[in-house]
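J.: Put the two chains together into one complex, using the hints given.
Residue numbers (my numbering), protein chains in the order written: chain H, 1 to 424; chain Y, 1 to 74.
The reader is advised that the hints may include incorrect statements.
As the list claims (entries may be wrong) - Think about it this way: if two alpha-carbon atoms lie no more than 30 angstroms apart in a straight line, the pair counts; the simulated DSS-like pairs of lysine-lysine are:
(1) K376(H) - K26(Y)
(2) K223(H) - K135(H)
(3) K26(Y) - K144(H)
(4) K99(H) - K201(H)
(5) K26(Y) - K135(H)
(6) K35(Y) - K128(H)
(7) K223(H) - K35(Y)
(8) K201(H) - K56(H)
(9) K35(Y) - K312(H)
In short, the hints are calculated from the structure, not lab data.
These are the residues of each chain, in order.
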Amino acid sequence: MSSKSIRDSLSLACCALLHTSSNAQAELLDDVDIDTAVLYYSESDGRVSLIEPVVKMTSELNEDEIVSLQLVFDTLTGASPNGAQESNIAQTFTSPSGKQTYTTPAGELPLDDFFRDSRLAITGSYEKPIDRLRKNIWSANFSKEFDWLSIGGGYTYSQDFNQRNTTLSTSVGLSLDTIDPLGGTPIPLSAMAAPGSPQPKEADESRNTADLMLGITQVLSRKTITQLNLGISQSDGYHSDPFKIISLIDDNLGPTYGQPNGTYLHESRPDSRQRTTLYWKIAHHLTEDVINFAYRYYTDDWGVDAHTMDLKYRWRLTDRDYLQPHIRYYSQTAADFYRHSLLASEALPDYVSADLRLGEFDTITYGIKYGRVLGKNNEISARIEFMQQTGDSNPADAIGEQQNHDLYPDLDAIILQVSYSFIW
Amino acid sequence: MSQFIKAVLLCSMLVFFSGCEIQPVKPWQRGILAKPEMQLVADELENFLDEHIYFSKEAATGGQSIGGGGCGCN
Numbered sequence: 001m002s003s004k005s006i007r008d009s010l011s012l013a014c015c016a017l018l019h020t021s022s023n024a025q026a027e028l029l030d031d032v033d034i035d036t037a038v039l040y041y042s043e044s045d046g047r048v049s050l051i052e053p054v055v056k057m058t059s060e061l062n063e064d065e066i067v068s069l070q071l072v073f074d075t076l077t078g079a080s081p082n083g084a085q086e087s088n089i090a091q092t093f094t095s096p097s098g099k100q101t102y103t104t105p106a107g108e109l110p111l112d113d114f115f116r117d118s119r120l121a122i123t124g125s126y127e128k129p130i131d132r133l134r135k136n137i138w139s140a141n142f143s144k145e146f147d148w149l150s151i152g153g154g155y156t157y158s159q160d161f162n163q164r165n166t167t168l169s170t171s172v173g174l175s176l177d178t179i180d181p182l183g184g185t186p187i188p189l190s191a192m193a194a195p196g197s198p199q200p201k202e203a204d205e206s207r208n209t210a211d212l213m214l215g216i217t218q219v220l221s222r223k224t225i226t227q228l229n230l231g232i233s234q235s236d237g238y239h240s241d242p243f244k245i246i247s248l249i250d251d252n253l254g255p256t257y258g259q260p261n262g263t264y265l266h267e268s269r270p271d272s273r274q275r276t277t278l279y280w281k282i283a284h285h286l287t288e289d290v291i292n293f294a295y296r297y298y299t300d301d302w303g304v305d306a307h308t309m310d311l312k313y314r315w316r317l318t319d320r321d322y323l324q325p326h327i328r329y330y331s332q333t334a335a336d337f338y339r340h341s342l343l344a345s346e347a348l349p350d351y352v353s354a355d356l357r358l359g360e361f362d363t364i365t366y367g368i369k370y371g372r373v374l375g376k377n378n379e380i381s382a383r384i385e386f387m388q389q390t391g392d393s394n395p396a397d398a399i400g401e402q403q404n405h406d407l408y409p410d411l412d413a414i415i416l417q418v419s420y421s422f423i424w
Numbered sequence: 001m002s003q004f005i006k007a008v009l010l011c012s013m014l015v016f017f018s019g020c021e022i023q024p025v026k027p028w029q030r031g032i033l034a035k036p037e038m039q040l041v042a043d044e045l046e047n048f049l050d051e052h053i054y055f056s057k058e059a060a061t062g063g064q065s066i067g068g069g070g071c072g073c074n
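So that you can see chain Y by itself, here it is in the shape it has in the complex (with noise of 0.2 angstroms):
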């Protein structure tokens, strides 16, 4: 797993780090990206209830934004 792991960081990196080599698109060219389903949370009344339902029953939590829990679920 954990060269998965590292495999996976390394391509985030790379895609991160080759953001200057990438063209920048232009306003006018954002017709996709405005898309209800392409926003990176694209129904956030679903992500919330996901996290909820995780938070509740796993150890891990968070990554997405700040906060979180709040409840005495665990």
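Looking at chain H on its own, in the form it has when it is part of the complex (with noise of 0.2 angstroms):
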């Protein structure tokens, strides 16, 4: 097949997944942008490994439309933590589906080792001008894995204002996941089965989320440019992981593990969580490199606030060259439901997990990149980044045995990626 006749496949595979007009579809497309890469994510301990290649091609249909297709697929295999504690003896959970066991050492963070999953994502977007100030752009999104099932669009409309310095725009979207885990999703607060014992299970679940987005840009001069977005989240429907437990522990002893029953329970999250989140970046061009900054605030009802804070350096080498380095800090507080372990002695909350990504704790990631361009969107580039997380390994409420292990263990990761951009 020549390059043009997939070019215009291409060109058709974009207006239809967007249902854009017949007329669009008949323009083929012209030069296509082609921007590539491949991401490498690695965590110590035998934690969670990602290979993640991405492909997005742009072009434009007539001189003011563009359309543009990106199609992902990656990778999970690893083992993830599944909510239980650390204990002085071995312990033995009963997988997912209800089928498997696995045993954790004596002192050793519970993984889960059946954590492993594949997933397609494809995004399309359309974006046509109204008139010189003002334009629309549509997207569409489908993400399948093997027990999530996610299909999305959105809306954006935008206007220049001015002299063209300042762009208002309003960003609408919704999704809508259909979660279904092998044999079902786990009853929220029923006791992990015995091994080899039949899992209490409930039918696949749904959720649906919508997001509104505010936000303007500004240019501040002939070398600063700026935006703020105001962005607000509901989503409703099944919240929980169906893969995390939480420890029920003896009140004087502190763990007492290896109970055949009741010693791990299934959390339990609300079924719906609200989010808000204000966004600041700035770009600021130097005599030859570019600083560019960003700070946002986040908030949901669930209780976690968080910042984050992003500083990327763009260091001219040569008129071809650059190194960038990167540094972002990210802090949130625990959510409202987050417990390290229950008591057994205590009443039941509503709701209640063990996940250590509702925990409260700090990311630091530090890295930099290489960047060689060799022409208008012709790019090759690479980069290095390591990423640590911490949170309080010893917590005050911490209980006999509990004292003895470490309640948040630390989270370290590398990122690698290699990038290759081209027309084609």
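T.: This is the structure:
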């Protein structure tokens, strides 16, 4: 198949995905900008590894309409913390499907060895100006993995003001997700069945998410541009993680594991979540280098507040080469219902989760990228980054044997990425 | 931390509210702003991949655009 016929096929695929007009379909793609990247992400101690190749194709349909199609395929392997605590004896868990067991040695963080998945995601967008100052952007996305299906769409309207130095934009989006783990979803707060016993399950679940975002972009000078976004997201439906459990411990002795039944409970999260974000970004061109800073404030009705700061410095080495150091700092408070464990004597709360991602922790990411510009939209680059998450390993409410264990093990990960962009 | 946040918000508001004082940049003065490295998202794929990592490892998400998520990684 010739490259032109492939481009034409891609054009029709984009239009079909986005249901754009027959007029647009008639205009086949000319040059296509191709952006490709492969990400490798790996956590220490045999935890999660990810390989994620991405391809994005962008082209103009007519001189002012832009269509893009992005394909992502990722493969996860490794092991993920299941929510249970370390113990001074070996612990045996039943797999999420109820068909297998896995054992965590004494003194080690319980990891679910059955954690592996592959995902295919397709995103398309179509941008069409209304006139010189206004434009519409439509987008659609589809994502499928073994136990998760997500279909969504979005619309953005933007308008320029002030001699095109100011841009206001409004975006709305809707996402429909279906969660269908093998055998169904666990009943919240039910005990993990003893190894070999069937796990009581419910049918598949769903979650719907609506997004609204208001944004303003302002040119401050010939060398400086800034952006401020306010985002609100409301999701309703199933929010628990079907693979997470929480340890039920003896009030006096601390962990008393190894019981055949009732030692671990499936987690339970609220059936709705409202998130609000305020995001500010600024890019400034120095004499030759570019500095880029972003700050995000996040809050939700689960009690999580988070601050994120991100700094990139593009250091121009030559006309073609650059180095870009990057540092990111993230800090979050715990969700109201986050607990590292439950006491056997207490009444069960409505909602509880020991998922470390809902605890209080900080993340530092730092790294460097090297890029070489080969021509117009023709660039090759590579980056290496290191990510470290740290939480409170010895919380004040640890009792008995718990005080001898790490209740928030650090997470160290490495991020590698190579990218190549070219015009086809 | 809250004082820092207030300072950041105050600065950003000052920048925006002072926008009317700023001399508009003319189309022919936008050579630097048009450079790829001066786009607010200079590398879309890198940004996308980073967002995916942080979405799967942290409770907070979003801010840059609508959507995101759509996977069972969190």
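J.: For every hint, state whether the structure bears it out.
T.: Hints versus structure:
Proposed proximity of K376(H) and K26(Y) is supported: the alpha carbons are some 24 angstroms apart, at most 30 angstroms. This hinted pair checks out: K223(H) and K135(H) have alpha carbons roughly 25 angstroms apart, not beyond 30 angstroms. In summary, the hint linking K26(Y) to K144(H) is not supported, as the alpha carbons are separated by about 46 angstroms, beyond the 30 angstroms threshold. Taking the CA atoms of K99(H) and K201(H), the gap is about 13 angstroms. The hint holds against a cut of 30 angstroms.
Restraint check for K26(Y) and K135(H): satisfied, since their Cα atoms lie roughly 21 angstroms apart, inside the 30 angstroms limit. Using a Cα cut-off of 30 angstroms, the hinted pair K35(Y) and K128(H) holds, with the two alpha carbons roughly 22 angstroms apart. For a cut-off of 30 angstroms, the pair hint linking K223(H) to K35(Y) stands: about 10 angstroms separates their Cα positions. Proximity of K201(H) to K56(H) is assessed by CA-CA distance (about 39 angstroms); at most 30 angstroms being required, the pair is judged violated.
With a C-alpha separation of about 16 angstroms, the suggested pair K35(Y) and K312(H) falls inside the 30 angstroms cut-off, and the hint holds.
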